[in-house]
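Q: Both chains are given apart, each in its own frame, so use the hints to dock them into the complex.
Heads up: the sequence lines are chains A and B, in that order. For what it's worth, this note's numbering labels the leading residue of the first sequence as 2, then goes sequentially. For what it's worth, this note's numbering labels the leading residue of the second sequence as 2, then goes sequentially.
For the record, the hints were derived by calculation from the structure and aren't laboratory data. Careful: at least some of the hints might be erroneous.
DEER-style ranges, computed between Cβ atoms [claimed, not checked]: (1) B:Ile7 with A:His33: 46 to 54 Å; (2) A:Glu9 with B:Val142: 27 to 35 Å; (3) A:Tyr48 with B:Asn20: 42 to 50 Å; (4) A:Glu9 with B:Gly76: 17 to 25 Å; (5) A:Asp26 with B:Pro77: 26 to 34 Å.
Here are the simulated lysine to aspartate or glutamate pairs, EDC-like style, with alpha carbons at most 16 Å apart [unchecked claim]: (6) A:Lys183 with A:Asp135; (7) A:Lys63 with A:Asp177; (8) A:Lys147 with A:Glu121; (9) A:Lys165 with A:Asp177; (10) A:Lys63 with A:Glu173; (11) A:Lys14 with B:Glu196; (12) A:Lys63 with A:Asp43; (13) B:Lys140 with B:Glu196; (14) A:Lys63 with A:Glu46; (15) A:Lys147 with B:Asp144; (16) A:Lys147 with B:Glu256; (17) A:Lys14 with B:Glu256.
Computed from a predicted structure; not experimentally measured. Every residue, glycine too, gets a C-beta built ideally from N, C-alpha and C.
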Amino acid sequence: MNGPEMLEEHVGKLVTRMGAVFPGDRAVFRGHDLHTLVKDIDWLELYVFGITGRRFTPEQMKVLHALWSYTSYPETRIWNNRVAALAGTSRSTGTLGIAAAMAVSEAQIYGRGIDMRASEFLTRAKMQVNAGADLDELVYTELKQKRGIAGYGRPIASGDERIKPMMALLREQGLDDGPHLKLAFGVERILLNGRWRLHMNYGALAAALAADFGMSLREYYFFSIPAFLAGMPPCYLDAVEKPEGQLFPLPCRMLSYEGVSRRSWQAANPVVPRDE
Amino acid sequence: MTQESIHTRIWQEEAEPDNAFAARSCHCHGYDVYGELLAHASWIDYLYLLFRGEAPTAQQTKLLEGLAIALANPGPRDPSVHAAMCGGVGGSTSASCLMAALAVGAGASGGAREVFNAMQDWQARGTDLALWQSGLSVKPVGDPADVWPAAGHPAGFDPYGVRCTTPVLQTLTHLAALDCAPSLAWLQANRAALETAGGLPLAMIGVAAAALRDLGFSPEQGEMLLLLLRLPGAAVHALEQKDYGHKNFPFFRVELENDPGLVQGKSERVETST
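Excised from the complex, chain B in its bound form (with noise of 0.2 Å):
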């Protein structure tokens, strides 16, 4: 019988001479990752080799990193966040706090998808002003037949923003200020004619996008490490509501537009608690 495995370019392993379901050394790309990586790499330098194959740059690694702390945690009034505080709030398990975090971060609203978009713009547009500001005049229309919903705004930018924030601009000024960051820079010098363009300032998934283009990575790889980028913040948030307790978390209220109920004089609200 013909053997089925797995191709890949990206690991490597050798079997223990008495057990071949576990490997005695694990090459990456090439590198011995327990033999070498282990005491010689940063994670960072690790994350940039699993998705580019290569060791980064000094610089790219200072510009990986830089975006990973930028993006670790986007604080509890974002709706990954949010969602994964939905889920520590009820003693949900700790995987679906972040799978939580994952669907909710997803999106082409704020999400990875609005990352893989605006990099895909960034592909089809490059530093061409004038594409850039034709491209941002019109409203993205979604392709009906795509299980994404339509986002109402050009990716990259806040849709309700006043003007760009000071986290953007500071992550923007010091990632840009690196050597290998052409894109970071030139979206530094045309901020203001693409949010004229757009009607919209820059949000930080604009610099996100900017900065993974100026790692290398393709747009599909891109979104990834946005979803894994964010993560550490959901989950501290989601192990920190669940101390707090649902008690202590927004439970909202509600104005039913259609209550039947009204109608037989019953309760037309919903308060806080259930």
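Pulled out of the complex, with its shape left as it was, chain A reads as follows (with noise of 0.2 Å):
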């Protein structure tokens, strides 16, 4: 079978396992009647199970939640945040400057690049940990490569507020005990003893739970995209609330031009006769 006949097999319908709805009858969400299935799950439970097929114990659907809500910042100077503000002041729409820095927070320095990178780390160093490898050593070497271990360390702030209450919400429900999250802290020492002098992150922890969990590096992806979004409304709503263009005005001063001096484009770029 050729490109075109695979294509063909595909046109005008979308065979699949994962639901579709029948109009004014009912809806079905990965096997189960959607309307059946949400009165006993609230809607996180039903985001993860649309997202691994699973559930999830009530500790650790207490923890899942708690990730998201300990990173939920109404702080419109982070650049994510400032998107949706930004969009609050130029009267652009909730929607739009929501989805935006949604999209902006899969960045490479913080949200999802270094919850992707955090994930597969712990979880290839765990395995290579159960099989004999010395974790030091497998530091040294991600820190050689990669010049740096994602989850570990920040870009504005050296320690992570947000760790020790989750440790304590870990506590009580006796989820803090997990592989990852221990290898997790072991990684933290050893940068902390060396001269990096890095703390972990709240990326480092939220990976190795997930990990600890049983969720796959993709199925982590997942969950974490609306880790940031109670922090957005605010963010928007407080701008779009004030005049319009007084968030973070910019006077002409703060541009510091480091480009190449003033020249004149006919001098340079004579007019050629377009067909020439």
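A: Next comes the structure, spelled out in structure tokens:
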């Protein structure tokens, strides 16, 4: 079968096990009648069920809720939140501002990029340690190859205020002794003892917990997508409720030009007939 | 208090004497935008200047202009335009239609990430045919720690193609004839060998990657430009479908493989509308 023949098989229809709506009748969600399923679960549990197809224990769900709540900062200066707020001060819509802010949260130095790399490192390190590898060696190799370890250190601070309350919750729920979590703290001890002086940040803690709960890398990525969401509407609303254009206005003097000197376009680019 | 500032090598402004928040003059890479470029530069000249920091030659302008025309509208079958039309047909905001086109058209299969990957291949392989052949003979492997899912085919080639399509050949022929296009000329000369090595025909993304390389853009710049240059088609098709309305837009059929309703004797198909 060649390429076009393979595509022909899919024209006009979707074959799926994920779900569908039968308008006026019912909706199916991963093989369950949605309106029966949601009687005993909340929205977040439905969200993670949609990602994983699995259910989590009440204790795990409490922690998964907290993973989002503890990082929901209505702090407009943070770059993703600032996008939502700039949409507000520019009188764009809330949906556009927050959708853009969510997309921007897939960054390399924070958010989804860190989530993925932290999760990949911790799960890989765990497998290698289980196979007999030395954690110190793994950390040194990672630092040498990648000049850092995702989930350790922070772009604008050294410590992480989210870890203490999350650890208290984990102890309360009896979920503070998972193997990935232990390994994540083991990595921190190595990084603090060495010359790097890097503390674990929330990215490594969250990735370790998700791995201890059995989430794959891809499942954790999707779980994390709305992690900052609750902090965004306040940023937008604060800006939209104030007079337009007053959020972080930039006077011309705030542009620090570091480019080439002024020059003449016409002198450098004499007019040439378009057909030459 | 120290005044924070935005550092830029692209844009210089002088304020109006009575308003610090209004520019009296704007210079782009040293050129007076409203005092000179407006009258003497084309849109394509200005686009090139913005990205490269220098004025293009006449041949470079022709190359970028030709590429911009080739990319401006991939047509309503393209997933990025399809996404924009999904916005238009439901009466979504204009920005959301373009955001939809950007999100879908960003991908590693037929989108801007594929251009990025193809341009990285050019950086690594240059015009060394043997390197291309060995690279194309293995399936791309994704980085599990990357937010981008791996593409299932070599960047720049059509995963479902049978032979290089006429528009791709027309674009390659036209652009490769320009004096400033050595990568395109090499691609044209070696297309058959590359297609044999990859087992797939060259795609428009592959032509775009070579053209963007010949224009001196980095993979990151090429990725941005591909996103930008394909927006016109997404915009007009979104607007058009808004006019046609959702009843004239495909809703398709779904076959649910694990429908609990079937067990209970309920309906089994979703048909054409909500």
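Q: A separate judgement is required for each hint: does it hold in the structure or not?
A: Results for each hint:
no.: 1; hint: B:Ile7 with A:His33: 46 to 54 Å; in the structure: holds, 51 Å
no.: 2; hint: A:Glu9 with B:Val142: 27 to 35 Å; in the structure: holds, 29 Å
no.: 3; hint: A:Tyr48 with B:Asn20: 42 to 50 Å; in the structure: holds, 48 Å
no.: 4; hint: A:Glu9 with B:Gly76: 17 to 25 Å; in the structure: holds, 19 Å
no.: 5; hint: A:Asp26 with B:Pro77: 26 to 34 Å; in the structure: holds, 31 Å
no.: 6; hint: A:Lys183 with A:Asp135; in the structure: holds, 15 Å
no.: 7; hint: A:Lys63 with A:Asp177; in the structure: holds, 13 Å
no.: 8; hint: A:Lys147 with A:Glu121; in the structure: holds, 13 Å
no.: 9; hint: A:Lys165 with A:Asp177; in the structure: holds, 12 Å
no.: 10; hint: A:Lys63 with A:Glu173; in the structure: holds, 10 Å
no.: 11; hint: A:Lys14 with B:Glu196; in the structure: violated, 31 Å
no.: 12; hint: A:Lys63 with A:Asp43; in the structure: holds, 11 Å
no.: 13; hint: B:Lys140 with B:Glu196; in the structure: holds, 14 Å
no.: 14; hint: A:Lys63 with A:Glu46; in the structure: holds, 10 Å
no.: 15; hint: A:Lys147 with B:Asp144; in the structure: holds, 14 Å
no.: 16; hint: A:Lys147 with B:Glu256; in the structure: violated, 45 Å
no.: 17; hint: A:Lys14 with B:Glu256; in the structure: holds, 7 Å
Of the hints listed earlier, those the structure fails to meet are numbers 11 and 16, in rising order.
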